[in-house]
Amino acid sequence: MKKGWLMICLGIAAISLIIVPPTAVFAQGKGPIKIGFISPLSGGMAANGKDMLTGIELYLEEIGYQAAGRKIELLVEDDEANPATGLTKTRKLVEKDGVHLMTGGLMASTAYALAPYIDSKEIPTTYPIMAADDITQRKIPKWIIRTGWASSQPHQPFGEYAYNVLKFRKVSVIAYDFAFGWECVGGFQKVFEDSGGKVLQKIWVPLTAQDFSPYLAQISKDADAVFAVFSGRLTIQFTKQYKEFGLKAKIPLIGGGTVTDEHALPSMGDEAIGIITPLHYSEVLDNPANKKFVKAFREKVKKAASYYSEGTYTGARWIVEAIKAINGDVENRGKFMDALRKVDLKDVPRGPMKLDNYGNPIQNIYIRKVEKKGGELQNTVIHTYPMVSQFWKYKAEEFLKQPVYSREYPPLKP
Amino acid sequence: MKDLLASKTRTIALSLAFLVLVLMPPFYSSYWITLLTQMLIYGILAMSLDILIGYTGLSSFGHAGFFGASAYVVAILSTRYKMGFVSCLVGGIGVATAISMIFGLLVAHATGVYFLIITLALGMVLWGLAFRWVTMTGGDNGISGIPRPDLGLPLSLKDPLTYYYMILVFFLVCLILMAIYVRSPFGHSLKGIRESESRMRVLGYHTWLHKYLSYVSAAAFGSVAGVLWAYFDGFISPYNMDLTASIEIILMVILGGPGTLVGPALGAGIIVFLKNFISAYTQRWLLILGTIYILTILYAPQGLVNLIRDWLKGGEKKTELKGIV
Amino acid sequence: MIEFLLVQTLNGLSFGALLFLLASGLSLIYGVMKIVNIAHGSYFMLGAYIGLSVILRTKSFVLGAFAGGLAVGAVGLVMERGFLRKFPLRALPQMMITLGFALVFRDLALLIWGGDPYTLPCPEFLKGSTQIYKIIFPIYRLFVIGVATVVAVSLWLFNDKTLIGAKLRAAVDDHEMAGGVGLNVPLISGCMFGLGAFLAAFGGVIGGPIFGVYPGLDFELLSLAFVVVIVGGRGSLKGSAVGSILVGLVDNFGKALVPELSYFTLFAPMAIIVAVKPKGLFGRD
Numbered sequence: 001m002k003k004g005w006l007m008i009c010l011g012i013a014a015i016s017l018i019i020v021p022p023t024a025v026f027a028q029g030k031g032p033i034k035i036g037f038i039s040p041l042s043g044g045m046a047a048n049g050k051d052m053l054t055g056i057e058l059y060l061e062e063i064g065y066q067a068a069g070r071k072i073e074l075l076v077e078d079d080e081a082n083p084a085t086g087l088t089k090t091r092k093l094v095e096k097d098g099v100h101l102m103t104g105g106l107m108a109s110t111a112y113a114l115a116p117y118i119d120s121k122e123i124p125t126t127y128p129i130m131a132a133d134d135i136t137q138r139k140i141p142k143w144i145i146r147t148g149w150a151s152s153q154p155h156q157p158f159g160e161y162a163y164n165v166l167k168f169r170k171v172s173v174i175a176y177d178f179a180f181g182w183e184c185v186g187g188f189q190k191v192f193e194d195s196g197g198k199v200l201q202k203i204w205v206p207l208t209a210q211d212f213s214p215y216l217a218q219i220s221k222d223a224d225a226v227f228a229v230f231s232g233r234l235t236i237q238f239t240k241q242y243k244e245f246g247l248k249a250k251i252p253l254i255g256g257g258t259v260t261d262e263h264a265l266p267s268m269g270d271e272a273i274g275i276i277t278p279l280h281y282s283e284v285l286d287n288p289a290n291k292k293f294v295k296a297f298r299e300k301v302k303k304a305a306s307y308y309s310e311g312t313y314t315g316a317r318w319i320v321e322a323i324k325a326i327n328g329d330v331e332n333r334g335k336f337m338d339a340l341r342k343v344d345l346k347d348v349p350r351g352p353m354k355l356d357n358y359g360n361p362i363q364n365i366y367i368r369k370v371e372k373k374g375g376e377l378q379n380t381v382i383h384t385y386p387m388v389s390q391f392w393k394y395k396a397e398e399f400l401k402q403p404v405y406s407r408e409y410p411p412l413k414p
Numbered sequence: 001m002k003d004l005l006a007s008k009t010r011t012i013a014l015s016l017a018f019l020v021l022v023l024m025p026p027f028y029s030s031y032w033i034t035l036l037t038q039m040l041i042y043g044i045l046a047m048s049l050d051i052l053i054g055y056t057g058l059s060s061f062g063h064a065g066f067f068g069a070s071a072y073v074v075a076i077l078s079t080r081y082k083m084g085f086v087s088c089l090v091g092g093i094g095v096a097t098a099i100s101m102i103f104g105l106l107v108a109h110a111t112g113v114y115f116l117i118i119t120l121a122l123g124m125v126l127w128g129l130a131f132r133w134v135t136m137t138g139g140d141n142g143i144s145g146i147p148r149p150d151l152g153l154p155l156s157l158k159d160p161l162t163y164y165y166m167i168l169v170f171f172l173v174c175l176i177l178m179a180i181y182v183r184s185p186f187g188h189s190l191k192g193i194r195e196s197e198s199r200m201r202v203l204g205y206h207t208w209l210h211k212y213l214s215y216v217s218a219a220a221f222g223s224v225a226g227v228l229w230a231y232f233d234g235f236i237s238p239y240n241m242d243l244t245a246s247i248e249i250i251l252m253v254i255l256g257g258p259g260t261l262v263g264p265a266l267g268a269g270i271i272v273f274l275k276n277f278i279s280a281y282t283q284r285w286l287l288i289l290g291t292i293y294i295l296t297i298l299y300a301p302q303g304l305v306n307l308i309r310d311w312l313k314g315g316e317k318k319t320e321l322k323g324i325v
Numbered sequence: 001m002i003e004f005l006l007v008q009t010l011n012g013l014s015f016g017a018l019l020f021l022l023a024s025g026l027s028l029i030y031g032v033m034k035i036v037n038i039a040h041g042s043y044f045m046l047g048a049y050i051g052l053s054v055i056l057r058t059k060s061f062v063l064g065a066f067a068g069g070l071a072v073g074a075v076g077l078v079m080e081r082g083f084l085r086k087f088p089l090r091a092l093p094q095m096m097i098t099l100g101f102a103l104v105f106r107d108l109a110l111l112i113w114g115g116d117p118y119t120l121p122c123p124e125f126l127k128g129s130t131q132i133y134k135i136i137f138p139i140y141r142l143f144v145i146g147v148a149t150v151v152a153v154s155l156w157l158f159n160d161k162t163l164i165g166a167k168l169r170a171a172v173d174d175h176e177m178a179g180g181v182g183l184n185v186p187l188i189s190g191c192m193f194g195l196g197a198f199l200a201a202f203g204g205v206i207g208g209p210i211f212g213v214y215p216g217l218d219f220e221l222l223s224l225a226f227v228v229v230i231v232g233g234r235g236s237l238k239g240s241a242v243g244s245i246l247v248g249l250v251d252n253f254g255k256a257l258v259p260e261l262s263y264f265t266l267f268a269p270m271a272i273i274v275a276v277k278p279k280g281l282f283g284r285d
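Residue numbers (the working numbering), protein chains in the order written: chain A, 1 to 414; chain B, 1 to 325; chain C, 1 to 285.
Isolated chain A (complex conformation) (with noise of 0.2 Å):
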């Protein structure tokens, strides 16, 4: 008999711990400045996830953990570059640990995912490296801005670039078959075509994709150049295999920004030199902030500082302003997004930046070429496209008429 007891006791005391959860803390008042930040620390985009880490680190260590007088706490959760997870630990940090903000994120996905929760919840939100066009341009949440930048925002310049200063006619491409791939390429083929060039042909690959050669038997030879999108593994393999298969030494290769971001480039070989690719950070831009946060990011991780990196760093940094222009009053969230849509930097790495009234940031795009300097590969600036907007030369209303950038739009010209 005594086991039953003994079993029921148990049994309550673990109901009861149930019963009596520990109350999720509303930081009333003056406790710290929570901020919540999701990446996938675990899985096949680790690598990505953990520079962003880095990043968002590296700048509150810098400002000592503290803005206007609150001490600033960071919460991190992995989301396994899964959106399912995202959105579920998200939910935590929003709802059991309180917090006042969330950033981070890498997926298309995930940023879509996150959307409708965000604006149900009213939690001030940012999003330093997600791309999803239409966060910026036809689905807009209220209460998320974008201290990234737009996955077609680059490469709109770059179309035109392509055509009148790398003087390209017909260009294959050959992408990621998921949104951030179409949205890269959809902008780089409408301003491309706007200034008279052609795209001949579009090659979808999957994101689990282990091996490049059934599609790069497709590409045309008659292309003067081909537009690549990847990112991680998936960028070593490709421009590793463009090679083998004996299409460096034929057709030009250039890309998106992410083909040869310094996440991956130290990881290639001599067949990334003279890839040209877009985006609206580098390495080795030449001002002070920059060298300034290389130098940092390289004493404590000594790795490149990638585009994700300096995201988060920035992204941190953009938050904090915020937090100082409303003297650390973040309880009121819509003084605080407030605060958030109006922060212009002028002096972060990447060069000056201020939101658009779409919530994207109004950055400078720059074309870059792979060079090996000093025994390292690294994105050479060749040219400066200031002050870029989302939407590139076209009119605001009458570019968001068109549908979002897919696999179907543009379509290709006959």
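Quick caveat, the hints were computed from the structure, so don't treat them as lab data.
If you're wondering where the values come from, they're calculated on a predicted model, not measured in any experiment.
Treat the hints with caution; some may be incorrect.
Lysine to aspartate or glutamate pairs mimicking EDC-like chemistry, simulated, CA-CA at most 20 Å apart [as the list claims (entries may be wrong)]:
| # | chain 1 | residue 1 | chain 2 | residue 2 |
| --- | --- | --- | --- | --- |
| 1 | A | LYS413 | A | ASP224 |
| 2 | A | LYS121 | B | ASP159 |
| 3 | A | LYS221 | C | GLU3 |
| 4 | A | LYS295 | A | ASP347 |
| 5 | B | LYS158 | A | GLU95 |
The hints should help you fit chains B and C onto chain A, whose structure is shown.
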């Protein structure tokens, strides 16, 4: 005497759990309510798989596929065609059940390890469709912005507590239906198949049909969970139905105790809880999850509920789950 | 058109060759012990990581390939002896344990090597490309096809022409009978598991210059290896070889011709084969 004690404890434990689930949530913070909601939804899913694993002795490695299929149907019907709750519910369960009826034709003749492999492959077919049929499913992006249903009641289901109670009702209805199902003569013949399919065949049972119906019914109950999840999370993506997701449901069943229905629900509760909590304190979550898998199989292969039951009975009768491969 | 066919066929063959290294071990383990080894892809990944570390230190690709293979082979042996043996012929517990290990391995690899993607350096004399007819093809891929052929032939000789091979076949066909006539079935099982792990890890290093190595590689290739085993038939060397080539070719042409349906072109035929011939093309009862 000891059996009596065991059954008494069971009654007390179940009534306590019931009371807590019904009475306590209004005192919880909204986060705990959503966590409980997730536990209940996954509880339905784990119980539905228990029909296959615990009662029929067939381990399906593609169960998350049905969960995902019905969730996708809800997502598509509610966001694209603005359909209401009832049509989404019927549509979700209907489509998933229809798929299981087709798949069932391929799997019902298989036993043991073959069943496992075929269901794994079919689960991947569904995942592949969700991932690659971009025009319909949004591919990797998934579908977001699924609105909470409007039942025309004065209560809004956007409120976590109200939604929780709706899920609780679904959970209890499913639990009762499944309990009746597995205790029915049909359920008993499933157990017979688990212990010895050849004997049942000799006794004149149509074992193929039994297995087929068991597979389809498990999928049908599982799809209920899918519908509820789509509305709960407001979002569905291929990650909800990949191989890892399927295996996690099996872990819930085995951890809780196959062949007990409430066990898998308990297992689901534990796994959902751990997933949400441990990961806040460590980045080594996979290491811990992997260790849980190994330890469960090594030390509690019959599941927690059976472990406790054996212990209460004083170790005289060990629960042996014959026929669970 | 001929060029397209030629290059895609060669691609399919080199992909199939790597799949063979992965799937032959999986099939062996599945055949001898009826274990569905979810950790098999992890062996491939771990082998590539260990090979990478060894190659970077010793500059020797061959050493890296064997070091990766042997180290992971030992891991496999320990897994079988220490854990899987406790659940003889019980598919579900065994599969769950191998899955537990797969998760542990993945996290350990992330802990040790970090998450950055790497490509294994290809041996100097195999670098570059060659011209076949009108197409340019990397020499290394031809080398991979050669390696897989050598492995397949040696496995076949081992299996058909040696005493151990005969014992192995007996164990595949009938455990109880094999035990009855005095064969040490547990020992054979342990060694076979180790050999399977060795093959996968060896394949991981060989595949390293093509696939690279990164967290996630483990599960991505695993599903394809399963398809090979299911199509070819468990425990059949011939089945693994034919299955690998088939899957390699179907996958390649599927991706090239109907990219939208690339999973479907692979999994749907497999589902049909399973339904019609549950034991696979060359599987035995």
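Verification of the hints:
{"no.": "1", "hint": "A:LYS413 to A:ASP224", "verdict": "holds (17 Å)"}
{"no.": "2", "hint": "A:LYS121 to B:ASP159", "verdict": "holds (11 Å)"}
{"no.": "3", "hint": "A:LYS221 to C:GLU3", "verdict": "holds (12 Å)"}
{"no.": "4", "hint": "A:LYS295 to A:ASP347", "verdict": "holds (16 Å)"}
{"no.": "5", "hint": "B:LYS158 to A:GLU95", "verdict": "holds (15 Å)"}
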